[in-house]
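Assemble the complex: chain A is given as a structure, and chain B must be docked to it using the hints.
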Amino acid sequence: AQSVTQPDIHITVSEGASLELRCNYSYGATPYLFWYVQSPGQGLQLLLKYFSGDTLVQGIKGFEAEFKRSQSSFNLRKPSVHWSDAAEYFCAVMFSGGYNKLIFGAGTRLAVHP
Amino acid sequence: EAGVAQSPRYKIIEKRQSVAFWCNPISGHATLYWYQQILGQGPKLLIQFQNNGVVDDSQLPKDRFSAERLKGVDSTLKIQPAKLEDSAVYLCASSLEGVGVGRRTGELFFGEGSRLTVL
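Protein chains in written order, with this note's numbering: chain A, 235 to 348; chain B, 33 to 151.
Same shape as in the complex, but just chain B:
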């Protein structure tokens, strides 16, 4: 079974430029997550989708970050304009069950991440 695919693996941009990251979750997984992991810190949830709807984006800086999950499969995360503090690894994860499903396995499967450096 293929895992969670992310691209690009690495991206270097200057501040105020824009960048987009792509994620292809495991086939059939209803829930998709984007996490930001700053060096030396644990991953922080940015946004969570169930199918193509947003269930939690409370920590997404909406003035510069946007995300979408078209057709409930692939997802893109965009940053525009980027700031120095956006330098981080952006992790995508997916899980099989959706919100409200009676039995939760709770396991998230993570991609290898996209490392962003903002100069």
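Isolated chain A, as found in the complex:
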């Protein structure tokens, strides 16, 4: 079955530290991959997406993600976290050959200490 896994429910980092949020998917082919961010009381905002080509993609707010086919992973990274990055982050996968159906992981809640 198609699935998306975000192994870390909560992550806490210090401001200025680097960040990596993990995402793994289960699917027989390469899906389209997304990271969304959700601030409290807000809707979901797209950070970045991967369809094909260069496996390292750049997004907004200084985020990047790397697609690793061998590991079925699409981890999100940021070299230096700002206090305003505290939010919930969702990895999402759109499986090709379907109806543009977007499936979300359970999310990782990021806390940033000053």
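Errors might be hidden in some of the hints.
Claimed, not checked - Now the in silico label distances, taken between C-beta atoms and shown as ranges:
| no. | chain 1 | residue 1 | chain 2 | residue 2 | range |
| --- | --- | --- | --- | --- | --- |
| 1 | A | Thr289 | B | Ser50 | 47 to 53 Å |
| 2 | A | Gly262 | B | Gly72 | 25 to 31 Å |
| 3 | A | Asp288 | B | Arg41 | 36 to 42 Å |
| 4 | B | Lys103 | A | Ser248 | 50 to 56 Å |
| 5 | B | Thr108 | A | Trp317 | 34 to 40 Å |
| 6 | B | Glu46 | A | Asp288 | 48 to 54 Å |
| 7 | B | Asp95 | A | Pro313 | 48 to 54 Å |
| 8 | A | Glu298 | B | Arg48 | 46 to 52 Å |
| 9 | A | Ser318 | B | Gln91 | 29 to 35 Å |
Stated by the list, open to error - One-sided and incomplete, this derived list gives chain B residues near chain A with beta-carbon spacing under 7 Å:
| no. | residue |
| --- | --- |
| 10 | Gln73 |
| 11 | Gly74 |
| 12 | Asp88 |
| 13 | Glu139 |
| 14 | Leu140 |
| 15 | Phe142 |
| 16 | Gly143 |
| 17 | Glu144 |
| 18 | Gly145 |
Said to hold, decoys possible - Chain A stretches covered by chain B per the calculated footprint, using a threshold of three residues with CB under 8 Å from any CB of chain B:
| no. | region |
| --- | --- |
| 19 | 277 to 289 |
| 20 | 337 to 344 |
What the hints contain is simulated information worked out from the structure, not anything from laboratory work. Think of the CB as a built atom: it goes at the ideal place given N, C-alpha and C, for glycine as much as any other residue.
Same frame as chain A, but now just chain B:
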């Protein structure tokens, strides 16, 4: 460009009552989605429309949930009767391309959601 509009933002009802949520997608977007997001979980797709037709409602609890998208624009999601476990945020999203379009940008644009509390 206006974003996805949803109303009401908040709704509190008692179990067994009914409730309806409204969504106005971005103008020209062919595909409209309703997601349910229970506290502490990722959004779960309830139903997906392309124009005014349903393309996926496999996870919609059809005994109590219904949705329609008249004229391929606005959409309403109704719950009747509500249960305690329906307490969640209901997110509406839209995307430009429809099913089968050759080039997919894949980006969904989300509204701010409608938070439902069932007592």
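Results of checking the hints against the structure:
1. A:Thr289 with B:Ser50: 47 to 53 Å: Roughly 48 Å apart at Cβ, these two residues keep to the hinted range, so it holds.
2. A:Gly262 with B:Gly72: 25 to 31 Å: The hinted range 25 to 31 Å holds for A:Gly262 and B:Gly72, with Cβ atoms some 30 Å apart.
3. A:Asp288 with B:Arg41: 36 to 42 Å: 39 Å, holds
4. B:Lys103 with A:Ser248: 50 to 56 Å: The hint (50 to 56 Å, Cβ to Cβ) holds, given that B:Lys103 and A:Ser248 are roughly 52 Å apart.
5. B:Thr108 with A:Trp317: 34 to 40 Å: 39 Å, holds
6. B:Glu46 with A:Asp288: 48 to 54 Å: This hint holds: roughly 53 Å between Cβ atoms.
7. B:Asp95 with A:Pro313: 48 to 54 Å: Since the Cβ atoms of B:Asp95 and A:Pro313 sit about 50 Å apart, the hinted range of 48 to 54 Å holds.
8. A:Glu298 with B:Arg48: 46 to 52 Å: Given a distance of about 49 Å, which is inside 46 to 52 Å, the answer is holds.
9. A:Ser318 with B:Gln91: 29 to 35 Å: Given range 29 to 35 Å: holds, Cβ gap about 34 Å.
10. Gln73: Cβ of B:Gln73 sits 6 Å from chain A, so the hint holds.
11. Gly74: 4 Å, holds
12. Asp88: Because about 6 Å separates B:Asp88 from the closest Cβ in chain A, which is inside the 7 Å limit, the hint holds.
13. Glu139: 6 Å, holds
14. Leu140: 6 Å, holds
15. Phe142: 4 Å, holds
16. Gly143: 5 Å, holds
17. Glu144: 4 Å, holds
18. Gly145: 6 Å, holds
19. 277 to 289: holds (count 6)
20. 337 to 344: Holds, because 5 residues of the region 337 to 344 of chain A bring their Cβ atoms closer than 8 Å to Cβ atoms of chain B.
Checked against the numbered hints listed earlier, the structure breaks none of them; every hint is satisfied.
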